[in-house]
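Participant: Construct all of the structure, not just a fragment, from the sequences and the given hints.
Residue-level listing of the chains:
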Amino acid sequence: MKVKVVFFASLREDMGIEEIFLQLPEGCTTDSLLEVLSARLGEKAVSLLCGDSVRIAVNQEMLDGRAHLFENDEVAYFPRITGG
Amino acid sequence: MADIRVQKEDFSIEDEWGRCRERMAGRGGALVAFTGLVRDLQDDELMGLYLEHYPGMTEKSIETIVENASKRWSLLDVVVIHRVGKLLARDQIVLVLVGSAHRGDAFAACEFIMDLLKTEAVFWKKEIGRRSSRWIESTSDDYSRKVSWSVEG
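Chains as they are written, first to last, in my numbering: chain B, 321 to 404; chain V, 46 to 198.
I should point out that these hints are in silico values taken from the structure, not numbers from a laboratory.
Relax, there's no trap hidden among the hints.
Straight-line Cα separation of at most 25 angstroms, DSS-like style, residue types lysine-lysine; simulated pairs:
| id | chain 1 | residue 1 | chain 2 | residue 2 |
| --- | --- | --- | --- | --- |
| 1 | V | K191 | V | K171 |
| 2 | B | K324 | V | K105 |
| 3 | B | K364 | V | K171 |
| 4 | V | K53 | V | K171 |
| 5 | V | K171 | V | K105 |
| 6 | V | K105 | V | K191 |
Facilitator: Here's what the structure looks like:
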């Protein structure tokens with residue numbers, strides 16, 4: 321299944337990538353997604369995604385914990401928000 | 046009832062104010078506005094701010110804040126305009142305009158929406174310097190203001 325992963329703000333800059341499309345096995349979760357990203361982008365880049373202040377959204381809904389992924393899902397990684 | 050916009054362009058508080066008054070017609074008894082501005086930057090090296098957003102999710106996050114405000118107070122009209130992109134000192138960043146039958150509801154809802162925009166709306170701010178740039182994090186004061194409204198999370 322195809323999944324789009326996007327990165328924002330400081331994470332986008334630190335990782336040097338804005339978005340990536342991945343082919344994942346069925347039944348993949350946000351946890352196993354990290355392993356796939358590690359293989360594609362390197363361990364150093366993925367270590368940035370595991371920081372305490374990193375938030376994850378799936379299909380533009382904030383995620384608390386982990387989630388199963390499905391065809392055409394969009395997963396976003398970003399740092400703490402600072403609006404207003 | 047709610048008009049939510051995320052845009053690069055500046056906004057006219059006078060125009061928004063006039064349209065809001067028209068929409069409320071004779072029902073509105075109070076109209077409260079808050080405008081956020083970019084302060085003169087203390088450090089000469091700083092040139093301005095850059096605001097990034099997540100198209101779609103950002104608008105939804107503001108809609109959720111406005112929906113929560115509408116459940117707490119009796120509101121007739123809400124406008125939230127948040128700018129993105131590069132902004133300079135003294136530029137307008139955000140407008141929150143709340144119309145209601147009575148001032149208590151309009152004052153409270155306007156402050157609530159603005160406080161929650163700080164911690165719940167999906168934006169990222171970066172200070173742009175002449176030599177370097179820095180992403181800004183929410184302050185503990187921002188979070189304590191959110192908690193003061195008894196909002197979890």
